[in-house]
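So the protein sequences, as listed, match chains H and U. So the first sequence is numbered by numbering that gives the first Met the number 0: it starts at 0 and just counts up by one. So the second sequence is numbered by numbering that gives the first Met the number 0: it starts at 0 and just counts up by one.
Rather than coming from a laboratory, the hints here were simulated on the basis of the structure. One thing to keep in mind: the hints can contain errors.
Put simply, identical chains are the same to the list, so a pair is met inside one copy or across any two.
List time: in silico SDA-like cross-link candidates among lysine to any residue, alpha-carbon distance up to 25 Å [to be verified]:
{"hint": "1", "residue 1": "Lys141", "residue 2": "Pro35"}
{"hint": "2", "residue 1": "Lys141", "residue 2": "Asn70"}
{"hint": "3", "residue 1": "Lys122", "residue 2": "Glu108"}
{"hint": "4", "residue 1": "Lys150", "residue 2": "Glu107"}
{"hint": "5", "residue 1": "Lys141", "residue 2": "Gln66"}
{"hint": "6", "residue 1": "Lys122", "residue 2": "Thr20"}
{"hint": "7", "residue 1": "Lys122", "residue 2": "Ala52"}
{"hint": "8", "residue 1": "Lys141", "residue 2": "Pro72"}
{"hint": "9", "residue 1": "Lys150", "residue 2": "Tyr27"}
2 protein chains.
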Amino acid sequence: MADKPAVIRDTDNEARELARTLLAQARYASIGVIDPETGFPSVSRILVITDKATPVILASRLSAHTQGILNDPRCSLLVGEPAGKGDPLVHPRMTVQCLAQQVERDGEEHASLRERFLERHPKSKLYIDFPDFSFFRLVPQKAALNGGFGKAFWLMPDDLAG
Amino acid sequence: MADKPAVIRDTDNEARELARTLLAQARYASIGVIDPETGFPSVSRILVITDKATPVILASRLSAHTQGILNDPRCSLLVGEPAGKGDPLVHPRMTVQCLAQQVERDGEEHASLRERFLERHPKSKLYIDFPDFSFFRLVPQKAALNGGFGKAFWLMPDDLAG
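The whole structure should be built from the sequences, with the hints applied where relevant.
As structure tokens, this is what we get:
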């Protein structure tokens with residue numbers, strides 16, 4: 000990682016706690032992938048759960064973000080959605096750069112994620128077992144936390160795992 | 000553009016109307032850029048206005064997204080934020096792949112954008128004239144509209160301009 004710019008604060012326990020809370024509470028997120036066709040970064044909305052401090056998404060092979068991470072596992076999540084009205088830049092949010100790992104469809108890991116995903120997102124039962132849908136673990140590489148104007152931190156995977 | 004997959008519907012006037020509304024009503028958005036340091040797509044939150052069917056953002060040179068678009072103008076916006084509770088995947092949203100163009104600080108274009116930005120985002124008066132802040136036009140190249148589960152469209156710049 001490059002030298003930390005002066006505008007980035009030293010990571011403290013309050014920042015770590017906020018980062019973990021944002022990740023744990025996220026029901027959905029914006030995911031950025033590289034579009035295999037154009038090379039542009041492409042952003043879409045996905046449902047998310049967190050398993051062992053790792054975001055997990057359910058994604059259809061037919062969707063643009065899945066085509067992206069199957070071609071290049073580098074992706075980012077933006078978590079922390081503004082609640083209601085007010086200045087959206089005051090609301091804390093975090094960008095997590097991740098490497099995507101597809102979860103094998105058979106086996107205990109899939110079964111356990113399936114159960115937890117259904118618990119958090121009951122409507123996903125309509126498509127969770129469709130053959131084109133898979134779980135992907137998005138393994139954090141580094142994160143940028145923005146706790147509001149001027150409150151910026153960089154975090155590493157250990158800071159998120161707690 | 001590659002051949003349109005079977006899951007993409009033919010663009011009709013209803014889709015164009017929804018796309019223009021999402022763009023015009025957006026107060027903030029998720030922006031995806033390429034991180035110059037890691038090559039990862041990186042997603043953050045920004046305030047937005049729309050000028051002549053083109054999204055315009057106000058961005059600090061110190062921010063990660065500005066570093067990204069100064070290095071590589073390819074970026075994406077996700078507009079269409081879920082309102083309140085409910086299934087976020089039912090809420091319409093649109094991914095717009097754009098090329099970023101910095102607006103010169105002196106001149107009529109900057110003055111006009113400044114006025115409109117302040118009108119829409121009054122709190123930005125606290126930093127809009129800081130020397131590290133600039134406007135960028137995000138010129139649409141193509142867009143993917145998702146009007147809800149199974150309602151996907153591809154749109155071209157003309158579809159957005161109306």
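| Going back to the hint list, which numbers does this structure go against? | 4
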